[in-house]
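S.K.: Given only the sequences and the hints, what does the whole structure look like? Please build it.
Protein chains in written order, with our numbering: chain A, 1 to 406; chain B, 407 to 723.
If you're looking for bench data, these hints aren't it; they were derived computationally from the structure. Idealized CB from N, CA, C, for every residue including glycine. Incorrect hints may have been included.
Chain B regions said to be covered by chain A (calculated; three or more residues, Cβ under 8 Å) [what the hints assert, rightly or not]:
| no. | stretch |
| --- | --- |
| 1 | 521-530 |
| 2 | 624-630 |
| 3 | 672-681 |
| 4 | 702-712 |
A few chain B residues that face chain A, going by a derived Cβ cut-off under 8 Å, partial list only [stated by the list, open to error]:
| no. | residue |
| --- | --- |
| 5 | Asp554 |
| 6 | Leu557 |
| 7 | Gln565 |
| 8 | Ile566 |
| 9 | Phe575 |
| 10 | Trp577 |
| 11 | Arg578 |
| 12 | Pro580 |
| 13 | Pro582 |
| 14 | Pro697 |
| 15 | Ala699 |
Not close to chain A: a few residues of chain B, all C-beta gaps over 12 Å, as computed [as the list claims (entries may be wrong)]:
| no. | residue |
| --- | --- |
| 16 | Pro436 |
| 17 | Thr451 |
| 18 | Ser518 |
| 19 | Ala541 |
| 20 | Gly594 |
| 21 | Arg615 |
| 22 | Thr649 |
| 23 | Asp715 |
Listed here are the chains, written in short residue letters.
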Amino acid sequence: MSATEHARPMGGPLLDRNMKVLLVLFAVAALVVVYRFATGIGPVSNMTDGYTWGIWEPVNVVVFTGIGAGAFGVGLLCYLLNKGKYHALVRPAVLVGAVSYTLGASSIMFALGRPWNAYWLPYAPYWNLSSALLEVAVCVLAYTIVLWIEVLPSILEGAAASRYPKLQALGASLGPRLQKLMPYVIALAILLPTMHQSSLGGLMLIAGPKIHPLWHNALLPTLFLVSCLSMGYGAVVVLVNLLNVTWKARLDQELVAGMSKVNAGLLILYLVLRLGEVVVHGKLRYLGANFATLLFLFELALFAAPAVMFLLPAVQRDRGRLFGAALLTLAAGAFYRVDTYLTMYRPSGWTDGVANAAGWNYFPSMGEMVVTVGMAAVGIAVFIFISRAFPVVVVDETRASNPSRS
Amino acid sequence: MRISRRDLLKGAVAAGAAAAVSTDAQARAPVPARPNAVGMLFDSTLCVGCRACQQACKAANGLPPDPAHAAGGVYDAPADLNSSTKNVIKLMSEGGQTQFMKQQCMHCVDPSCVSVCMMGALHKEGEGKRSLPGARPEKAGTGIVMYDKALCVGCRYCQIGCAFNVPKFEWRDPLPLIVKCELCRHRGDEKKSGPLAVANPACCEVCPRGAVIYGEREALLAQARARVAARPEAYNAHVYGATEGGGTQVLYLTAKDVAFTQLGLPSLPEESSASFSESVSHAPYLMGVTPVALYAAMAFVIHRNQKRDAHTTGEGQ
Chain A
1 MSATEHARPM GGPLLDRNMK VLLVLFAVAA LVVVYRFATG IGPVSNMTDG YTWGIWEPVN
61 VVVFTGIGAG AFGVGLLCYL LNKGKYHALV RPAVLVGAVS YTLGASSIMF ALGRPWNAYW
121 LPYAPYWNLS SALLEVAVCV LAYTIVLWIE VLPSILEGAA ASRYPKLQAL GASLGPRLQK
181 LMPYVIALAI LLPTMHQSSL GGLMLIAGPK IHPLWHNALL PTLFLVSCLS MGYGAVVVLV
241 NLLNVTWKAR LDQELVAGMS KVNAGLLILY LVLRLGEVVV HGKLRYLGAN FATLLFLFEL
301 ALFAAPAVMF LLPAVQRDRG RLFGAALLTL AAGAFYRVDT YLTMYRPSGW TDGVANAAGW
361 NYFPSMGEMV VTVGMAAVGI AVFIFISRAF PVVVVDETRA SNPSRS
Chain B
407 MRISRRDLLK GAVAAGAAAA VSTDAQARAP VPARPNAVGM LFDSTLCVGC RACQQACKAA
467 NGLPPDPAHA AGGVYDAPAD LNSSTKNVIK LMSEGGQTQF MKQQCMHCVD PSCVSVCMMG
527 ALHKEGEGKR SLPGARPEKA GTGIVMYDKA LCVGCRYCQI GCAFNVPKFE WRDPLPLIVK
587 CELCRHRGDE KKSGPLAVAN PACCEVCPRG AVIYGEREAL LAQARARVAA RPEAYNAHVY
647 GATEGGGTQV LYLTAKDVAF TQLGLPSLPE ESSASFSESV SHAPYLMGVT PVALYAAMAF
707 VIHRNQKRDA HTTGEGQ
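M.R.: Quick look at the structure:
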C-alpha cells in the first residue's frame, strides 16, 4: 500500500561529468560571494539605493521558494486531504523543498548587508511583528529545518539498510520514533508555508506608491499563496518527468494528471482574483498600448494556457504535453514574482501608470547572475547526491534494473 | 467523517475570504502625531540654494565628502542623498519654475521604515525594542526616527518601504550601515528649554535665510498656515506633510504656482503605507488565533488520517 516502501537509492557515480559542471558553477559563485564579503555588495552587483534588492531577493528567495512549494502542495493533498495515492511524490517533493528553501535561506545571508546581526532574529523580544520580512525570515528559517526533518525518514531508512551495524541500529531505533512525531511536523510543514508564502506577497504591500497599479493590490498575499501552490504542483510534475527520463523513476501519468487538474483550479482561481481586482478597482484604464499592458497580458496568458491544457484529456494523456504545461506554470509564477518585485517596481513611483523620472536604472550584473546560477546549480547537485545515496525516488518495479537493493 | 474534514476546509476558505474582504473594517487605527513631536519647516520661497545647510550637516554628523568629490570633483556637491549625505539641496526646474528643494528624512508620523524594520533598528525615539546606548536615554514622544546599527541586519527593506527614498546604504563597505538624518538628536542639550533640549538640527541653526526652521510639529504647522494666510498670493495653499502618507514631521511650503511634485515630493494618500500594509497583513491572523487554531486542527486531522491508514493496512505509512 505504502508507496514509499519502494523508494530506493539510485546509486551510480557520485561525481560524474554533470556533477562536475554543477560544482564548478557553484565554485565560481562562491568566489563572487567571498569577494562580496571582502568589498561590500556594491562592487559585485548593480544594486543601488533605488533598486536595492537586485535579483537576489526576487529570484534566489522568492522564486526558489516558490519552486520548493511542491512539498507544501503535495503534503496538503496527501496528508490533510488524505489522498494517499500521492504518497510516491512526497519524498522527491520534500527533498526539492528542503533544497530550494536552503538555497533561499542561504542566499539571504549574503544578500544581507549586516548578516552578523542576524543571530538576533530568533530572539522574540526583538521581533517587530509589523514587519512582513520578519515573518518571512523567521518562518523560512523554521520551515527549512522542518523540511530537513521531513527528509530524515529517507536518511534513517538508508542508515537502517546500510552495511554498518551502528548506523543500522541508529536508523532502526530513531526511524519509528520519528514516525510518531510526523503528524505534528507535517502540520507545521503546512502552516509555515501558508504564512510565509502569503507574506512574500504581503512584503510588497507597503511599497504601494512604487509598484505599477496593475501589480499592486490588497490581494498580493492571496495571489502569492495561490501561485506558489501552482508553481509547486508544476515543479513536482516537471521533477517526476525528469526523474523518469534519468533514472526510470515511476511516472504514474494518471496521478500527475490528477494533480494537474487540482492545479488548473488554482490557476483559474488566480486568474479570477487578479482580473477581478483589476475590474472592480477600475484599473482597466491603465490598459493601453504600453509595456505594462503587454506584460500584464503576457502574464495572464502564462497562467491561462496551462489551466486550459491541464483540463484537456489529450494533454492529460500525453507525457510531453503535460510536462510542457507544467513548465508554463513555473514560468507563470516566476514572472509574476519577478515582475512584482522588480520589473514593475520604480523607486520614484508611478503617476497614472507612467513611471516618474528617476536617477536609477537596473540590470543585473555578471556577479549577481553568476551567484544566482551557481546557487541553482548547487541545489541540483545536492538533490542528485541525496537521491543517489538515500531512498528518495520511487522506481517502477517492472522497469527497475537493480532489484537487489529495493 | 469525510464531511467534517470538508467542513473544516470550507471553514478555512470562508475565513480566508472573509479576512481578505473585511480588511477595511479591521484596519489598524491611523497613528496620530506624538504630542511633543519635533520637526522642521522648509519654505522653498525663502531658500537661495547656498548649501550652507549641506556643509553644516556633514560637519555635525562627521560625514565624508561625496564619493564623486573624492574622485576629483572641485566641490563637494552631491546630486542626491547618499551614504555620505543626509541632507541635500536640489535645484528643481521642472515646469519652467526654478525652486530649491531641501531633502532629508521626513520623520513620518507613521513611518514605513519603522513598520518594516525587522528588529526595530529604525524606530521612533523611545519606542524601539531597546534603548540605544549613549549619553542621553531615549524619550518617547519626540517622534524622531532613529537608527540602532546593532539591530540592523542590512536587509534594506526600509529602502523599499520609504516613499521618499531617504534611507541610504553603504554599498562599498563590507561593514555597511544605513545612513539617514536623525534630526541631530545628538546635538540636543538638556540644559536648554523647549525643542532644543530634544534635538538641534545643524541645518536649521546655520540657514542664513530662515528657510528651514526647527521646532515642535504643532507650532511649525501653525506657523506654516499663518504664512499662507498672510500672503495667499505668494504661497501654494497646501502645507505638504500635514496629511501626506499619514503626515510627516518635516513640513514644506512652496510658491503659489508650484506643485509639490515639482519639488520631487510624491503625491501620497492620507492613509500611510504602513497602515494599509499592516491592516491587510494582520487581518487574517486575528491576533494570532488563526495560526494556532489552524495548526491544532491540521495536526488532529493528519494524526487521525495516519492512524486510520495504519489500521486499515496494518502498517505505518
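S.K.: None of the hints should be skipped; say for each whether it holds.
M.R.: Going down the list of hints, with the structure as the test:
Beta-carbon proximity to chain A at under 8 Å applies to 6 residues in the stretch 521-530 of chain B; the threshold of 3 is reached and the given coverage holds. Counting residues of the stretch 624-630 of chain B whose beta-carbon sits less than 8 Å from any beta-carbon of chain A gives 0, not enough to reach three: the coverage restraint is violated. Under the rule that three or more residues need a Cβ within less than 8 Å of chain A, the assignment of the stretch 672-681 of chain B holds, with 5 such residues. Coverage of the stretch 702-712 of chain B by chain A holds. Counting CB-CB distances below 8 Å, 7 residues qualify, and the rule asks for three or more.
The closest approach between the C-beta of aspartate 554 of chain B and any C-beta of chain A is roughly 10 Å, which is over the 8 Å cut-off, so the hint fails. Restraint check, leucine 557 of chain B versus chain A: the minimum CB separation of about 6 Å is within 8 Å; hint holds. Hint status for glutamine 565 of chain B: holds, given a least beta-carbon distance of 4 Å to chain A, under 8 Å. Here the hint on isoleucine 566 of chain B is kept, as its CB sits about 5 Å from the closest CB of chain A, short of 8 Å.
A cut of 8 Å between beta carbons decides the hint on phenylalanine 575 of chain B: the least distance to chain A is about 6 Å, and the hint holds. Checking tryptophan 577 of chain B against chain A by beta carbon gives a least distance of about 3 Å; that is within 8 Å, so the hint holds. Because the closest C-beta pair between arginine 578 of chain B and chain A is about 4 Å apart, less than 8 Å, the hint holds. The restraint placing proline 580 of chain B at the interface with chain A holds, with a minimum CB-CB distance near 5 Å, inside the 8 Å limit.
For proline 582 of chain B, the interface hint holds, the least distance from its beta-carbon to any beta-carbon of chain A being 4 Å, beneath 8 Å. Because the smallest distance between the Cβ of proline 697 of chain B and any Cβ of chain A comes to about 6 Å, under 8 Å, the interface hint for this residue holds. Nearest Cβ of chain A to the Cβ of alanine 699 of chain B: about 10 Å, over the 8 Å cut. The hint is violated. Distance to chain A confirms proline 436 of chain B as a non-interface residue, since its nearest Cβ pair spans about 14 Å, more than 12 Å.
Consistency note on threonine 451 of chain B: stated as away from chain A, and its beta-carbon is indeed over 12 Å from all of that chain's, at 24 Å minimum. A Cβ of chain A approaches the Cβ of serine 518 of chain B within 12 Å, the least distance being about 5 Å, so the stated non-interface status is violated. Distance check for alanine 541 of chain B against chain A: the nearest CB is about 23 Å away, which clears 12 Å, and the non-interface claim stands. With a least CB separation of 26 Å from chain A, glycine 594 of chain B remains clear of the 12 Å interface cut-off, as annotated.
No beta-carbon of chain A comes within 12 Å of the beta-carbon of arginine 615 of chain B; the shortest separation is about 27 Å. For threonine 649 of chain B, the non-interface assignment is confirmed: its Cβ lies about 15 Å from the closest Cβ of chain A, beyond the 12 Å cut-off. Not every CB of chain A is more than 12 Å from the CB of aspartate 715 of chain B (nearest about 7 Å), against its label as outside the interface.
Violated hints for the displayed structure, listed by number in ascending order: 2, 5, 15, 18, 23.
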